[in-house]
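S.K.: So the sequence lines, in the order shown, correspond to chains X and H. My numbering puts the first residue of the first sequence at 3, with every later residue one more than the last. My numbering puts the first residue of the second sequence at 3, with every later residue one more than the last.
Hints may contain errors.
Unchecked claim - To give a feel for the contact side, a few chain H residues facing chain X, derived at Cβ under 8 Å:
id: 1; residue: A29
id: 2; residue: R104
id: 3; residue: S166
Claimed, not checked - So the derived list for chain H, only partly shown, Cβ under 8 Å to chain X, looks like this:
id: 4; residue: E25
id: 5; residue: S117
id: 6; residue: P174
Treat the hints as calculated values from the structure; they're not laboratory data. The C-beta atom is built at its ideal place from N, Cα and C for all residues, glycine as well.
2 protein chains.
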Amino acid sequence: MPKPALNTREKIVEAAAHLFYSEGIRAVSVDAVAAKSQLTKKTLYYHFASKDELIAAYLASRDQPTLQLYQKWFDETEGTVCDKVRGMFQRFAQVANSPEWRGCGFNRTAAELASTPGHPAVKAGATHKKRFEGWLTDIFERESISNARTSARQIIVLLDGAASIMLIHRDPAYVEAAGEVAANCIRT
Amino acid sequence: MPKPALNTREKIVEAAAHLFYSEGIRAVSVDAVAAKSQLTKKTLYYHFASKDELIAAYLASRDQPTLQLYQKWFDETEGTVCDKVRGMFQRFAQVANSPEWRGCGFNRTAAELASTPGHPAVKAGATHKKRFEGWLTDIFERESISNARTSARQIIVLLDGAASIMLIHRDPAYVEAAGEVAANCIRT
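Could you build all of it, start to finish, from the sequences and the hints given here?
M.R.: Listed below in structure tokens is the structure:
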């Protein structure tokens, strides 16, 4: 099935997402996003009042696709909930081991915005991370995992830590080691 | 004892470290570093051929102070090696719970440099993280912890993950949860 045509707003967000993820939010100008969208800067500013709004829209647009990708990795792994968590890290290790992979866009954006904690993009990142945590908590509660909420938080920390250290060492052994700990966090 | 006077190079690195940590590496210009050092840009470029070199020098200058801080937190905690690891996370949670705290400078810099993996500052970050890992591995081996190297790596992932999620949620409960997992990683 062919993809439905994007409207102007979606076209801008798609171009922004590509550039911001590739180069970082400060390295990319609004001019560059307008050029990549093949739109004028005036049209861009008609849809987004500021670059800050555009950065927040970029992260909001990555919420569901990112969550769905991890859910797919989880669902596609055979076995117990422990196996599925470990499997999610293994699939992540494969993806992160490519030169095109440039870290977790949510964490990288928060890192660039460390001096403005209330920034709308940091809030969009927080919404995504809470949604991810909520998804894991629900699964763990359904599976009668003791301390479901804490386990979900610990797995979020391990995923974020694995993404951070991968950007430094580019060695998937750290992701695999994180996956082992994550699987051990879960006690039925 | 009064601090010994800094030489010109040290003065530049101190100013750069302050600005880069506060605002991020792309947000701060070489002009701003020169101004904060109360030196001309020409003098700055006499000591550092490029901004990239200056960023690498900033991270190299944070290696030993950062390591020594964690070693202090570890040493000052009473009890077993598990207690000491947990204590290190608790002290980290306290520090990270202040508005002045802006994440791990090594990880934030690697996040900003995600599109240039071989950058000298990413290498300086890798050197620091390996040194930290080596310190923990040595302790764990001395204490006859099984799988000392893997445990050290897992603790690095947990510290980096705790720092990343703190920048998003600003909630020390995540650091404490990470500390519990870290303590459980260690099996004598």
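S.K.: Hint by hint, say whether it matches the structure.
M.R.: Evaluated hints:
no.: 1; hint: A29; in the structure: 6 Å, holds
no.: 2; hint: R104; in the structure: 4 Å, holds
no.: 3; hint: S166; in the structure: 4 Å, holds
no.: 4; hint: E25; in the structure: 5 Å, holds
no.: 5; hint: S117; in the structure: 5 Å, holds
no.: 6; hint: P174; in the structure: 12 Å, violated
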